[in-house]
Amino acid sequence: MSTQPDLLYSEAEDDLRSAVRSLLTDRSDTASVLVRAESGTPYDPELWKALAGDMGAAGLLVPEKLGGQGASHREAAVVLEELGRSVAPAPYLTSSVIATETLLALDTESEPVAALLAELAAGRQVAVLAVPLSAAPDGPLPFGARRITGVPDAAAADVLLVLKSDGLYAVEAAGVTVEALTPLDLTRPLAAVTVDRTAAATRLADAATAEAAVRRGLLAGAGLLASEQLGLAEWCLEETVRHTRERHQFNRPIGSFQALKHRMAQLWLEVVSGRAAARAVADALATDSPEAALTVAVAQAYCSRVAVHAAEECVQLHAGIGMTWEHPAHLYLKRAKSDEIALGTPGRHKEALAELIDLRAP
Amino acid sequence: MTDAAELLSRTKELLAAHPPATTDRTDFLTARFDAGLAWVHYPKGLGGLDAPRTLQAVVDAELTAAGAPDNDPRRIGIGLGMAAPTILTYGSEEVKQRFLRPLWVGEEVWCQLFSEPGAGSDLAALGTRAVRDGGDWVLNGQKVWTSSAHVARWAILIARTDPELPKHRGITYFICDMSDPGVEVRPLRQITGEAEFNEVFLTDVRIPDAHRLGEVGEGWKVAQTTLMNERVSIGGSRIPREGGMSGPIARTWRERPELRTHDLHQRLLTLWVDAEVARLAGERLRQQLAAGQPGPEGSGMKLAFARLNQEISGLEVELRGEEGLLYDDWTMRRPELVDFTGRDAGYRYLRSKGNSIEGGTSEVLLNIVAERVLGLPSEPRNDKDVAWKDLTR
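So the protein sequences, as listed, match chains A and B. So the first sequence is numbered by UniProt numbering: it starts at 1 and just counts up by one. So the second sequence is numbered by UniProt numbering: it starts at 1 and just counts up by one.
Treat the hints with care, since some could be wrong.
Unchecked claim - Under the rule of at most 25 Å between Cα atoms (straight-line distance), these lysine to any residue pairs were calculated in the SDA-like manner:
#1 LYS164/A to GLU211/A
#2 LYS337/A to ASP34/B
#3 LYS302/B to ASP6/A
#4 LYS12/B to ASP34/B
These aren't lab readings, by the way, just hints derived from the structure by calculation. The model shown is predicted, which means the values in this text are computed figures rather than measured ones.
Start from the sequences, fold in the hints, and give me the full structure.
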């Protein structure tokens, strides 16, 4: 058997991409994303129902016998690429990847775990792990914390997965106080979550099992975040190329100036490279490769940088228009910069990598 | 259609008829060529079997397992990668029969007489003149940066046959005999102290018209075949993790804790990540080619590796501290091949400076990516419709 990861897209993945892209193009163009973001309730429940439920995207990671699609991280990665391209606000990474992957690492024979997984896979409920968005897969976890800040998508959650000191609990949204924070990234809302001590909670796992499962959830989240970053970078490059071909100054399209062409060509090279890194991690997670942690660290260290660079170039090469509120470039810059910190900064991932490849710090 | 099973059985027949352990290397390679197992996608009678290119791997794996000699593709890379596909496309039947077998077997080494002192990135500005004289052409001019010229028997060459036309026209493509008395090869000593490249002076060199490839004045078009094949060959081989220049530096870090600093650690990890991602991108390109979906990524890989080699080797010199002040050997040599791994960090640092120049400068490759891959408009030009003789030099 070959040890090389499969870095291409299958035909089924291409079909899934087309379906997701046409849904997002129809229902979530950047103008409406901005309008919803400003309204304070960025989610579009109809869009979520179509994507998660009708299209089955929420259940890609869940085996068929547990009510899911029985697909893999490779397909989920394609969905995230498209969500990155459109900066659509959807609790996909949080519910369909991180919370789902956490639950899958628990005892799925247990009734509450299986029942919740089936709800998530069908897109009927949204579950969010009550840890900060910045949490790295190998970093500290908020065991026993009553108030957890920076929890992504809490506003959209029906169920929160809460780490109490003796294990992992499922808590209904009614049992927590969600206090919205003002996020840098308008398309991924953050909140401070306070768990009501008297709220009904279902225990899903003991502390040791919970820790391993949450780390697995965060690892998969960090790995697939690379695909969101890839899609985001790709949109930024395409729009920048389009704009610089059309925009004329000095009686020429500005895209004909070598100073600009070189920057876009360099960015293209980074996007092409980022695609290989993102595909490698999706494949490693899908095949449960022993290299999964290494590929996550590599992809996060690389793709975070590519997404931020692409979004920054997008703003700069759009010049004046790139600085305006009405042009979507800022939505991408804010998402990219926020994604850089999400699930471990590039620096944290490089520290993890140093251990894995035996290049230890002095 | 030749399939994998047939290729495998032909390979086994070759091995049975010419056991590698008891067969002379050249004899074995010649027999392999004649069996059509040299490059299986080439036509029958010219070293191939008209089979899909992807099936070469079947033959190669079987031969490697049997310990068969190879034709040293690094040593004859210009012949294999550039001369051969051009000869195949534009050569007469006699030319193909005469040149392809000794080229592939490695009995005749090839070099490429394209670049000139006044025509590097702007290759079409070349000024070497070829003037018709009966059945021959008479050439005068100077070429430069010619690797392997000191060991080559033949060269592919482009020269100007009509200076009245704009520079991309009026160029003709030839096969040049390096043993002609008018060909003088002089070593060009480089930044590393060795002379891996050469200058080639052409004085009244006579080339028979039968050694012209393509029509008179169509040399630029023929050269595009050569240059396109040069780019296709990049990214074809698989490298393991830490297989490139990140290998030596990672080993030094592990084995020599006294050299470590925090700053070097940060930079080392960043470059290690970049090298691993470039390796994966190369692997992805290879998988795309194998799946019959060639993408434009090939033109990007050379850019990535040039930058990586330079940054990693630069860091390696720094990592060695006091030892980084020393160089292994400045003796002037004329090697046949670049030996990155047999030399020390200082050599790698200096030699890798050429990676962003040879085979197209990074600046020109970025233009190519911008225009051909991204579809960005070209800069306005003032040299396209002017006769070559009227251009500013």
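Is LYS164/A within 25 Å of GLU211/A, Cα to Cα? Satisfied, since the Cα-Cα distance of roughly 11 Å is no more than 25 Å.
Need the status of pair LYS337/A, ASP34/B: alpha-carbon distance at most 25 Å? violated, 60 Å
With the threshold set at 25 Å, check whether the alpha-carbon distance from LYS12/B to ASP34/B stays at or below it. Roughly 14 Å between the alpha carbons, so the hint for LYS12/B and ASP34/B holds.
Hinted pair, alpha-carbon criterion (25 Å max): LYS302/B, ASP6/A. Please report holds or violated. Cα-Cα ~22 Å, so holds.
Comparing the model with each earlier hint shows a violation of hint 2 alone; every other hint is respected.
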